[in-house]
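Protein chains in written order, with the working numbering: chain A, 296 to 590; chain B, 1327 to 1844.
What the hints contain is simulated information worked out from the structure, not anything from laboratory work. C-beta atoms are modelled at their ideal positions from N, C-alpha and C, and glycine is treated no differently. Careful, some of the hints might be misleading.
Stated by the list, open to error - Only part of the chain B face toward chain A is listed, based on derived beta-carbon distances under 7 Å: (1) 1589; (2) 1595; (3) 1645; (4) 1706.
Said to hold, decoys possible - Counterexamples of contact, computed for chain A against chain B with all Cβ distances above 10 Å: (5) 359; (6) 361; (7) 392; (8) 404; (9) 407; (10) 433; (11) 496; (12) 573.
Stated by the list, open to error - Where chain B lies over chain A, by a calculated footprint (3+ residues, C-beta under 8 Å): (13) 347-356; (14) 480-491; (15) 532-538; (16) 548-560.
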Amino acid sequence: MTTNRTTGLPPSAQEGGEGDLSLLGRAARTGQARLGIALLTMVGLVVVFGHFFAPHAPDAIAGRPLEGPGSRFPLGTDVLGRDVLSRLLHGGLSLSWMAVLAAGLGVFLGTLVGLTAAYRGGAVDTLLMRAMDVLLSFPEIIFVLVFVAMLGRSTLLTAVLVGVAFAPGVSRVMRGAALPVIGSEYVLWAKANGLPARHILVREVLPGVTSPLMVEAGMRLVWAVAAIASLSYLGFGIAPPAADWGLMVGENQDGLAVAPLPVLAPIALILMMALGGNLIAESVARTVGRTEGRR
Amino acid sequence: MFRRPPRSVPGMPAGRLPLRTLAVATGFALTAATIAGCAPSEPARDGRGGTLRIAAATDAGETLNPYASNQTPTQQLRSSLLYEGLTHLDATGKFEWRLATAMTPNKDLTEWTIKLRPGVTFTDGSAFTAADVVASIKYLRDPEHAVQGLALIEMIDAARVEAVDELTVRVGLTRPFGPFKDIWANVFLPMTKAGSAPAKPIGTGPFAVTSFAAGRQSKLARHDGYWGAKPKLKAVDIVEYQSQQAQANALLSDEVDIASSATPAIAKSLAGKNGIELLDSKGDFTLRIGFNTTVAPFGDVRVRQALRLLIDRRQVVSNAFGGYARPANDHEAGTPQCPAPNVPQREQDIDRAKRLLAEAGQSDLAFSVATDGLLPGMKELAQVFSENAAKAGVKVDVNVVPPQQFLSKWGKWPVYIDFNTLPYLPYVITSLLPDRVANAAHWKNPEFSRLADELFAASDEEQCSIMNRMHGIEYAEGPMITPAFVNVLLPYNGRVRGLVPDVSGRPLSFLSNVTVGR
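Next up, chain A with everything else stripped away, as it sits in the complex (with noise of 0.2 Å):
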């Protein structure tokens, strides 16, 4: 690992700010990040301004169990006779809010740990990275579930459990994208220069791992939802009787052969979500990928 800094890569000033930015509309312009963007805004309008459209209240029971489709029950009821249509319109709030909670947290963190990591070097690294080893062995659903058993069920905590679990993950990828960045000769002149780690970090190496930082946060943020979603769906993320994506397809299972629809709607908008955040990352991941990946 020492060699790679000492041989160091040329430093660059397009990777700076204004150079993402143009990364960033570059890679909108490609068709899968439109079809990406459509389905965010979509799903994201639901979320937003869903819940002012809805006939019901999302607990309010208003008729029979598991009935079919109709004028009065647009998605029919769920297993409790609430309006599927009213839970659908009211249900991702929570979910959106913990995915980006637990995303914003886990790059917060990975990126603390794997810059540090691989600023210091020696044993700091060795240790900061072996425990994200260990903490990477346990399953993210099982390491959160571990946790919620023992403290009790709230949506933060459940959130902030995600975002804690996806840290080893971007600390890994995170330092490999500031090693080399940390070897070139700009970082050497501050270190030189005697300025402080933490401007360091911030103003030097921070700006060069922004490419790969950006695809990190976009798909933390799928499988966040897709995790918490998963959470919810097992009873230990947002509690009953609350609307909720993942909690509805729970809830509405055992219905599902003679009601599909209140699990499928929900799933079909869990999805629309992960699908569009992944488009997304994806289409900068490979705009990154085509245009600095040659150096």
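Fit chain B to the supplied structure of chain A, relying on the hints for placement.
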């Protein structure tokens, strides 16, 4: 993986038969297989009755010990096929003698003489005698073993349990107790061979264990020396599944013949598919919302009554239980012999509830209901209650916790969901009297306890009126919302014949006429 009876005719080596005979034989075998369910009750020589494969809920911690402390429905199901008690309730809830044939008290009801059934053998072939009953009662009565039915027999003086002769046992009590024969009629107090429990318990039941893997599967075979109506089934396999949905899928894909538990939604979605039918046991089985009276504000009877006025019982029946239930009235059922108590059906009354809450100074009450969701309808009941309570500004969260966690804090939850399958008398003894383990509401009502003592010393004729007065106290001051009597739903393959619904909600303990056609 699963045992199936052969389709060929026994004793006919198919390969040596002429083609025509073979065709006839095969045709006969197939017909025999399809009509086996309709066949009259003849002893099934070679699996004519077949093997019944039952899907049950996974219980990784289970043992064969029928005296274990906290038994899941899966363990109770198996125990009911392997072991028997002294008395029994039939599928209509009527009292029947089992291993005992008579119980007679002395004058002041403090000593009972039990006459045992002659000619009963254990599944290992040995004879069932008074010594086995004495050993079983002493084991059950020992507080160290913490058996689930201990509360039922606490009045027995263990030192005064003795065998009079081969088939007579005398049992001394510490206080007068009248309904002695009734307390034995449940799965918690079975008789086993002296010295065999808890490691290798041997029972007198219609089936014996042939293989057992905790949390996975147990195989039972017919006990040919059984004293009573011999089952037609050759064997019973109990296969364990993680969820009711998994049980339903196993039934659909013909891995099992019957699912031992199903939610109303599952029952509806299975109806008519692949020849699946539904065994709907209507009875006095209740799911309730309990309030811990030692936790404020639930010690205040006004708060409890207000919460009882908030729940919409019709909605509980139609939406939480899919219509497979009937409204209850905040007291348990009596016995089939007694008329219902004279109290009006409680209906939802939001305004009165609000007034009561205001009087108690609890207008902005908020709490959470804990449930492990073990039985169908538990989570749904909590959610319907939550929705109903919101109409009076009471905020109710639903806290679904894993079963182990739920049991580990048993008696500490402020509000919880539990269930009752027992008839009234044992239910009072185990759950409504002070300081009983099952009394997680910690309810203490001196008048109720006094009536219970009266009931224990009463003759059969006096019991109804005492029970009705007890129901009245439950209705007016009790610690729980009892919104509905819930049906127990068992989807099964139409090939299975002879199943009977059971008012106690345990139809799988009545398998003597059951056959499985292939």
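A quick look at each hint next to the structure:
1. The interface hint given for residue 1589 of chain B holds, since its Cβ lies 5 Å from the closest Cβ of chain A, which is under the 7 Å cut-off.
2. This hint holds: residue 1595 of chain B has a C-beta 4 Å from the nearest C-beta of chain A, less than the 7 Å allowed.
3. Here the hint on residue 1645 of chain B is kept, as its CB sits about 4 Å from the closest CB of chain A, short of 7 Å.
4. With 7 Å as the threshold, the beta carbon of residue 1706 of chain B comes within range of chain A, its nearest partner Cβ sitting at about 6 Å, so the hint holds.
5. Its beta-carbon lying about 6 Å from the closest one in chain B, residue 359 of chain A breaks the requirement of being farther than 10 Å from that chain.
6. Non-interface status of residue 361 of chain A relative to chain B is broken: a Cβ of that chain comes within 10 Å, the nearest being about 6 Å off.
7. For residue 392 of chain A, the shortest C-beta to C-beta distance to chain B comes to about 19 Å, beyond the 10 Å cut-off, and the non-interface label holds.
8. No Cβ of chain B comes within 10 Å of the Cβ of residue 404 of chain A; the nearest lies about 29 Å off, and the non-interface call holds.
9. Even its closest Cβ contact with chain B, about 34 Å, leaves residue 407 of chain A beyond 10 Å, as expected for a residue assigned away from the interface.
10. Separation of residue 433 of chain A from chain B is adequate, the least Cβ-Cβ distance of about 19 Å exceeding the 10 Å criterion.
11. Look at residue 496 of chain A: its CB is around 43 Å from the nearest CB on chain B, clear of 10 Å, so calling it non-interface holds up.
12. In this structure residue 573 of chain A is separated from chain B by more than 10 Å, as the shortest Cβ-Cβ distance comes to about 29 Å.
13. Against chain B, the region 347-356 of chain A contributes 3 residues with a C-beta closer than 8 Å to a partner C-beta. That satisfies the three-residue criterion, and the hint holds.
14. Check on the region 480-491 of chain A: 0 of its residues sit with their Cβ under 8 Å from a Cβ of chain B, so the three-residue criterion for coverage is violated.
15. Note: the region 532-538 of chain A has 3 residues with beta-carbon separation from chain B under 8 Å; the three-residue rule is met and the coverage holds.
16. Against chain B, the region 548-560 of chain A contributes 6 residues with a C-beta closer than 8 Å to a partner C-beta. That satisfies the three-residue criterion, and the hint holds.
Going through the hint list in order, the structure does not satisfy hints 5, 6 and 14.
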